[in-house]
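All chains should be built: construct the whole structure from the sequences, respecting the hints.
Number of protein chains: 2
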Amino acid sequence: MLGISPKRKETDKYIMAKELKHMTKRAENYSQWYNDLVVKAELAEQSAVRGCMVIKPYGYAIWEKMQAQLDKMFKETGVQNAYFPLLIPKSFLSREAEHVKGFAKECAVVTHYRLKASEDGNAVEVDPNAKLEEELIIRPTSETIIWNTYKNWIHSWRDLPLMCNQWCNVMRWEMRTRPFLRTSEFLWQEGHTAHATREEAEKEAQTMLHVYADFAEKWLAVPVVQGVKSETERFAGALDTYTIEAMMQDGKALQSGTSHFLGQNFAKSFDVTYLNKDNKPEYVWATSWGVSTRLIGALIMTHSDDNGLVLPPKIAPIQVAIIPIFKGEEQLKEITAKLQPVIDQLRALGITVKYDDADNKRPGFKFADYELKGVPVRLAMGGRDLENNTIEVMRRDTLEKDSVSFDGIVDYVKNLLDDIQNNIFQKAKDFRDAHIYECENYEEFKEKVKDGGFFLCHWDGTEETEAKIKEDTQATIRCVPFMFEQTPGTDMVSGKPAKYRVIIARSY
Amino acid sequence: MLGISPKRKETDKYIMAKELKHMTKRAENYSQWYNDLVVKAELAEQSAVRGCMVIKPYGYAIWEKMQAQLDKMFKETGVQNAYFPLLIPKSFLSREAEHVKGFAKECAVVTHYRLKASEDGNAVEVDPNAKLEEELIIRPTSETIIWNTYKNWIHSWRDLPLMCNQWCNVMRWEMRTRPFLRTSEFLWQEGHTAHATREEAEKEAQTMLHVYADFAEKWLAVPVVQGVKSETERFAGALDTYTIEAMMQDGKALQSGTSHFLGQNFAKSFDVTYLNKDNKPEYVWATSWGVSTRLIGALIMTHSDDNGLVLPPKIAPIQVAIIPIFKGEEQLKEITAKLQPVIDQLRALGITVKYDDADNKRPGFKFADYELKGVPVRLAMGGRDLENNTIEVMRRDTLEKDSVSFDGIVDYVKNLLDDIQNNIFQKAKDFRDAHIYECENYEEFKEKVKDGGFFLCHWDGTEETEAKIKEDTQATIRCVPFMFEQTPGTDMVSGKPAKYRVIIARSY
Chain A
1 MLGISPKRKE TDKYIMAKEL KHMTKRAENY SQWYNDLVVK AELAEQSAVR
51 GCMVIKPYGY AIWEKMQAQL DKMFKETGVQ NAYFPLLIPK SFLSREAEHV
101 KGFAKECAVV THYRLKASED GNAVEVDPNA KLEEELIIRP TSETIIWNTY
151 KNWIHSWRDL PLMCNQWCNV MRWEMRTRPF LRTSEFLWQE GHTAHATREE
201 AEKEAQTMLH VYADFAEKWL AVPVVQGVKS ETERFAGALD TYTIEAMMQD
251 GKALQSGTSH FLGQNFAKSF DVTYLNKDNK PEYVWATSWG VSTRLIGALI
301 MTHSDDNGLV LPPKIAPIQV AIIPIFKGEE QLKEITAKLQ PVIDQLRALG
351 ITVKYDDADN KRPGFKFADY ELKGVPVRLA MGGRDLENNT IEVMRRDTLE
401 KDSVSFDGIV DYVKNLLDDI QNNIFQKAKD FRDAHIYECE NYEEFKEKVK
451 DGGFFLCHWD GTEETEAKIK EDTQATIRCV PFMFEQTPGT DMVSGKPAKY
501 RVIIARSY
Chain B
1001 MLGISPKRKE TDKYIMAKEL KHMTKRAENY SQWYNDLVVK AELAEQSAVR
1051 GCMVIKPYGY AIWEKMQAQL DKMFKETGVQ NAYFPLLIPK SFLSREAEHV
1101 KGFAKECAVV THYRLKASED GNAVEVDPNA KLEEELIIRP TSETIIWNTY
1151 KNWIHSWRDL PLMCNQWCNV MRWEMRTRPF LRTSEFLWQE GHTAHATREE
1201 AEKEAQTMLH VYADFAEKWL AVPVVQGVKS ETERFAGALD TYTIEAMMQD
1251 GKALQSGTSH FLGQNFAKSF DVTYLNKDNK PEYVWATSWG VSTRLIGALI
1301 MTHSDDNGLV LPPKIAPIQV AIIPIFKGEE QLKEITAKLQ PVIDQLRALG
1351 ITVKYDDADN KRPGFKFADY ELKGVPVRLA MGGRDLENNT IEVMRRDTLE
1401 KDSVSFDGIV DYVKNLLDDI QNNIFQKAKD FRDAHIYECE NYEEFKEKVK
1451 DGGFFLCHWD GTEETEAKIK EDTQATIRCV PFMFEQTPGT DMVSGKPAKY
1501 RVIIARSY
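Residue numbers (my numbering), protein chains in the order written: chain A, 1 to 508; chain B, 1001 to 1508.
Bear in mind the hints are in silico, worked out from the structure with no lab data behind them.
Please note that a few of the clues may not be correct.
Within a straight-line C-alpha distance of at most 20 Å, the following computed PhoX-like cross-link-like pairs (lysine-lysine) qualify [claimed, not checked]:
no., chain 1, residue 1, chain 2, residue 2
1, B, Lys1280, B, Lys1151
2, B, Lys1101, A, Lys116
3, B, Lys1468, B, Lys1446
4, A, Lys470, A, Lys499
5, B, Lys1151, A, Lys40
6, A, Lys72, B, Lys1354
7, A, Lys414, A, Lys354
8, B, Lys1277, A, Lys361
9, B, Lys1065, A, Lys72
10, A, Lys361, A, Lys40
11, A, Lys105, B, Lys1116
Below, the structure is given as structure tokens:
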């Protein structure tokens, strides 16, 4: 159960600059590179509890930036935040048949509510007299407890739409876990909306998909393919699952957010009706939608390189690091005096600036550290810059270094941040687009899919074909994409007429 | 286990204005008034899970305002946010002897990680083959898992201080619960800091106490007594527990936030040492500190009245409600055109304005609703106001209504909000101060304490005396207060020389 890591050596923490970035290269082992980077950049680490991670301050700061922006976007659509219980009565899960099938196998179950001292007094054990009448499940998702609550909130058409979101932790007992991508406990938001009509609920599910896509592309600089899932890949209890699929640098897909049209399934399971304008009772229509700390994984794997994280300026906890290069306190004072107005002006523009004048680390170490942490812009100023009225500017995305005039540096940095945001999005998009292949031949597909990429293929719509592709290649149908035309064609596996044109890929 | 509330009738939701405020009066039954108000003002409700509440959107909006301000104040002291696992290995709890005694009796215990279909297929049951090797506890507080993590983060004096906070849910299996004041699950923040010296840790515990007091008084307008707890009332595992104690309108105390000096207890239990400047290992010194959704209870019980909530402007989700009183669309347009610049100007000042021009509710209903919800300032404008260039202003704290000139209304409202913030703090402080009694006679104390109030008494410092007072009167020693002088005196119960001068009160 417990895997407590051995104590790190004192020296580990004060390693040299070159060691700081010593990690597996992407080309050697992409998967190991990711794991190394998560630890090296101090984003997260494994905890003493199987499959649960500790999100370290720097990783959490990225999550806070994501939360702040998403929360704003949700509220702009009329969604309100609320909080529902962590624990769900076991019987609630059974009420929606598909839902329980999807989640029962990976539930953390609370059976007792008290511990007592063991006989020798040195430990505690479960008190058998404190057994719950009905077991409680740590929420894997909250549709059941929320719809049981909505029953009392919804009476007439005037109570609709009802749109709540909660930011919380959820638990799914995953067997194989990886930091951010798949963990037993993770942080997420889950929106749950109730509507009077089918059309309105379907529209809401799509609206939230677009919010997610917008956020991913404009804030995380992660280009996504929007689409709808096949039946097999749907959320347990949904009639339709919409998804945003991002492509990682190894060509694999990462499902980065989903929005579900739940029909009247949960309303029927929890008996939630409303009186329509004709005073007749009708079942309520539902959606749910969520994104999680998995987005941090998407962010890392889309942009970062062998030198460390590359963060889009809009989501970077530190946007500009400024490092004075000085000998002695006198020179530091002089450089600081010159830089202070720039720091103030950048901050007044809402830009997060870290002025790092610590004298217990060498500039080279600081440079490497900010590179590793993905800080978009690094400025450095030394004695020669003072003389020449210049400043050194390094942009993290391209690692280009320039000596530029000190005059106008504020505007320069402001524009550079915009430029970096656009550039890393464009780079990721170019990569993604270059790895989308139209494919009509299964033999060719099987060979090519090993190297990653999104495959735009015709599918006959049967589960058999879907299962065969997965068995042969580990690839799955990611979605019926909205960005590509639904042309007629022939299923490459069965040879039957196609029902859909889909994106197939290996995925995380 | 389950207590699903019966479905409310359709009419409930569209009750008349007078019914809206129909609830128990404080003078009749203070406790019932509180319960009624929590429900009527749509702050929270009981969930289907014993002792766990649903925090409704309006209640959650108050919590979000509190979070935003506290988070800012924490970060200004150098604290960073992070996230640690929900589940704690059972064995961790036993490591600190006092800690386990304090929390073992009210723990939710996870014993299994899977459900399976029951034989008839209609339900799910715990899968006996999915029993955990070691049970996991839902965190009642996170000292143990965090210090087990800190062990790997702290090596030398250069790693200190380490100051993390997390916003999360915790679970304590309380037998008798009340919304916000005492629930099995609640939301809180818990700060955990590590320091090189005893002095630094003690100072940090006090600094955070002052942050809490400052927040309570300046933002919640809740006056508090700062002090230190007696040994009996200390946090399980602490050497000193600092507290802020607020007085409710029934004279009872509400412990509203605590900050603990933990000494080296957790460092010793989890073997957390650092190398000091002489390269010698030493145990780390610790603090922890937390406030919870209980603060919402403090807020309600300090200021609200028989008409509903009274919220301090700085924490109110809606600060100003503006209601046009119109007949027909034409007049509405005219009023809106007149009000729009005011709305814009107020919002530009950072003031949250709700312009309520809904035509499906009468103005009287809206007035009552905003009163119930504690919106600090209500403006109303009708046809006569248009003619006279006036506007009606109602302040929630005093319920005073005024017709004022429309010119300069923005400044008027801005000043009024400040005035309300100050006024409700002063009112609460006057009430509190009028109910602090010096008392040296136990018979008098026993009689008087029934009516509530804080009693400033001399105490001999023994557990026996403390226990006797509690048994005789249900009152407890709240703290050794910092705001009163530690005069010499005689214990009113034992007649022995006093060790401390303390505040004694009944409490929530």
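Hints, verified against the model:
1. B:Lys1280 to B:Lys1151: 16 Å, holds
2. B:Lys1101 to A:Lys116: 9 Å, holds
3. B:Lys1468 to B:Lys1446: Satisfied, since the Cα-Cα distance of roughly 11 Å is no more than 20 Å.
4. A:Lys470 to A:Lys499: 18 Å, holds
5. B:Lys1151 to A:Lys40: 18 Å, holds
6. A:Lys72 to B:Lys1354: 17 Å, holds
7. A:Lys414 to A:Lys354: 15 Å, holds
8. B:Lys1277 to A:Lys361: 17 Å, holds
9. B:Lys1065 to A:Lys72: OK: Lys1065 of chain B and Lys72 of chain A at ~14 Å, within 20 Å.
10. A:Lys361 to A:Lys40: 18 Å, holds
11. A:Lys105 to B:Lys1116: 7 Å, holds
Hint compliance for this structure: no hint is broken.
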